[in-house]
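*Asks:* Sequence:
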Amino acid sequence: MGYSKDGTWGNQGAGVLIVSSDHTKVLLLRRSGYVDDPGLWGIAGGASQETQKGCEPALVTAISEANEEMGSLPNGKLYEQAFEYKKPGTSFTYRTFVLEVDTQDFQPKLNLEHIDWQWFDIAGLDDAMVHPGVKVVLDGYMVKPEVSLGQDGKNRQVETPTPVAAAVEVVTSPPQSMAKRCDIATQLDGAKLRKDIVRGYRLPDEYRESYYMRRIEPYLDRPTFRHLRNPERFFRGVHLTIPELQKTMRHGFELSKVRWHTGGPPGISFSSSLYEAQNYIFQNGRSDIDGVGVLFEVKASPAIGPLEIGSFNPTGTIYRAPHDVAAEEIVNVFLWGQWGWESLSSILEKAAAGKITPHTDWTGQFSSSFSR
4 MGYSKDGTWG NQGAGVLIVS SDHTKVLLLR RSGYVDDPGL WGIAGGASQE TQKGCEPALV
64 TAISEANEEM GSLPNGKLYE QAFEYKKPGT SFTYRTFVLE VDTQDFQPKL NLEHIDWQWF
124 DIAGLDDAMV HPGVKVVLDG YMVKPEVSLG QDGKNRQVET PTPVAAAVEV VTSPPQSMAK
184 RCDIATQLDG AKLRKDIVRG YRLPDEYRES YYMRRIEPYL DRPTFRHLRN PERFFRGVHL
244 TIPELQKTMR HGFELSKVRW HTGGPPGISF SSSLYEAQNY IFQNGRSDID GVGVLFEVKA
304 SPAIGPLEIG SFNPTGTIYR APHDVAAEEI VNVFLWGQWG WESLSSILEK AAAGKITPHT
364 DWTGQFSSSF SR
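All you need for this note's numbering is the position in the sequence shown, starting with 1, plus 3.
Be aware that a few hints might be false.
Taking lysine-lysine and the DSS-like style, the derived pairs with C-alpha atoms no more than 27 Å apart in a straight line are [said to hold, decoys possible]:
id: 1; residue 1: K250; residue 2: K260
id: 2; residue 1: K28; residue 2: K198
id: 3; residue 1: K250; residue 2: K302
id: 4; residue 1: K80; residue 2: K183
id: 5; residue 1: K260; residue 2: K183
id: 6; residue 1: K138; residue 2: K195
id: 7; residue 1: K353; residue 2: K198
id: 8; residue 1: K28; residue 2: K183
id: 9; residue 1: K195; residue 2: K358
id: 10; residue 1: K358; residue 2: K80
id: 11; residue 1: K353; residue 2: K195
Across the chosen pairs, the derived CB separations fall in these ranges [unchecked claim]:
id: 12; residue 1: P41; residue 2: K80; range: 29 to 35 Å
id: 13; residue 1: T93; residue 2: H254; range: 53 to 59 Å
id: 14; residue 1: E247; residue 2: P309; range: 23 to 29 Å
id: 15; residue 1: D293; residue 2: P269; range: 26 to 32 Å
id: 16; residue 1: D129; residue 2: K80; range: 27 to 33 Å
Since the hints were derived computationally from the structure, they do not count as laboratory data. Computed from a predicted model, the values in this text were never measured in an experiment. For each residue, glycine too, the CB sits at the ideal point set by N, CA and C.
Sequences and hints are given; from them, build the entire structure.
*Replies:* Here it is in structure tokens:
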């Protein structure tokens with residue numbers, strides 16, 4: 004989190020500060036030797052990506068970086084107004100979004116940028132062990148709790164279905180029952196609903212063009228997806244039409260319909276890394292369909308094992324199932340939208356309320372999850 008020592012970290016960055024609901028404790032991450040200021044304790048965050056329209060929204064950066072560096076975000080209340088820090092003598096601005104949580108049960112799954120995590124009492128923090136950027140935030144957060152965060156001078160909590168809630172939801176949605184998913188699949192029979200979803204979530208053609216692919220391809224040479232020894236869930240990212248999505252939700256993944264691209268034995272591919280799974284959507288997207296980017300979350304099972312071809316699986320995050328995977332094994336379905344991943348059930352609620360907007364509003368919201 005924060006800026007590099009020489010101040011050349013870009014013009015804008017953002018992160019997420021996780022605190023207890025009583026504002027007495029803070030969750031900090033210990034920085035690894037792969038980043039500046041190793042050994043200091045900080046928070047998840049990073050630089051905002053530049054797009055053709057300028058920097059991506061700070062909130063998109065904060066959520067993307069937190070998901071990348073911690074694996075997910077805990078349930079909680081995310082405040083829409085960020086704590087803003089401007090580095091003197093530069094154009095650099097860093098925005099920190101505060102996430103309140105009721106419990107301290109959340110266990111981050113750290114990537115290579117951090118080596119440890121811990122809850123600390125805010126009042127007892129040793130300044131020498133904390134990243135200077137975090138200290139600035141905590142000092143302002145503690146000394147000025149009455150700071151105006153809205154026109155009414157109060158902290159305004161974000162409510163569904165704002166972009167903030169949608170961005171966080173991908174990592175906090177509870178598993179759906181098979182009956183619930185079948186009901187969702189049936190709702191997709193409606194012609195108007197299909198049209199609305201395609202209008203709002205069809206992957207723009209340029210998402211498979213050079214600008215976006217350049218941000219995806221680097222991981223092939225130096226992948227840094229985190230290997231989990233005993234993953235509890237797997238992800239599969241695919242580019243599907245609405246009828247194809249319905250069929251998968253009802254019948255699961257069929258081996259006869261899947262092509263294995265690595266030269267290994269036939270199998271249905273999965274990843275223990277959400278970010279690796281989503282990359283496959285943009286690598287293998289089809290330009291001849293009105294398709295949406297779909298992320299399936301699947302329960303781990305002994306039948307889904309690691310791919311043993313090391314040259315194709317350097318991070319140990321690719322898994323395969325040598326047979327069909329039943330629909331009952333799917334626990335969540337998400338679509339890629341303007342603000343990142345959104346659960347399909349929430350999208351149906353947005354459609355019912357007439358709140359789906361055209362995908363032409365989309366910007367380059369990929370953040371650094373595609374470039375590391």
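*Asks:* Each of the hints needs a verdict: does it hold here or not?
*Replies:* Quick rundown of the hints versus the structure:
Note on K250 and K260: the hinted pairing holds, with a Cα-Cα distance of about 12 Å set against a maximum of 27 Å. Pair hint K28 plus K198 does not hold up; C-alpha atoms about 46 Å apart against a cutoff of 27 Å. Annotation: proposed proximity of K250 to K302 holds, straight-line Cα distance about 19 Å (limit 27 Å). For the given pair, K80 sits about 26 Å from K183 by alpha-carbon distance, which is consistent with the 27 Å threshold.
Restraint check for K260 and K183: the C-alpha separation of about 25 Å stays at or below 27 Å, so the hint holds. For the hint linking K138 to K195, the alpha-carbon distance of about 51 Å lies beyond 27 Å, and the restraint is violated. A C-alpha spacing of about 13 Å is found between K353 and K198, which places the hinted pair at or below 27 Å, so the restraint holds. Using a Cα cut-off of 27 Å, the hinted pair K28 and K183 is violated, with the two alpha carbons roughly 37 Å apart.
Pair hint K195 plus K358 holds up; C-alpha atoms about 14 Å apart against a cutoff of 27 Å. Only pairs whose Cα atoms come within 27 Å are accepted, and K358 paired with K80 is accepted, the gap being roughly 22 Å. Taking the CA atoms of K353 and K195, the gap is near 13 Å; set against the 27 Å cutoff, the hint holds. Roughly 32 Å separates the CB atoms of P41 and K80, a value that falls within the hinted 29 to 35 Å.
Checked against the hint of 53 to 59 Å, the pair T93 and H254 passes, with Cβ atoms roughly 56 Å apart. A hinted range of 23 to 29 Å for the beta carbons of E247 and P309 is consistent with their spacing of about 27 Å. Range check, D293 to P269: about 29 Å between beta-carbon atoms, so the 26 to 32 Å window is met. A C-beta distance of roughly 28 Å is found between D129 and K80, which places it inside the suggested range of 27 to 33 Å.
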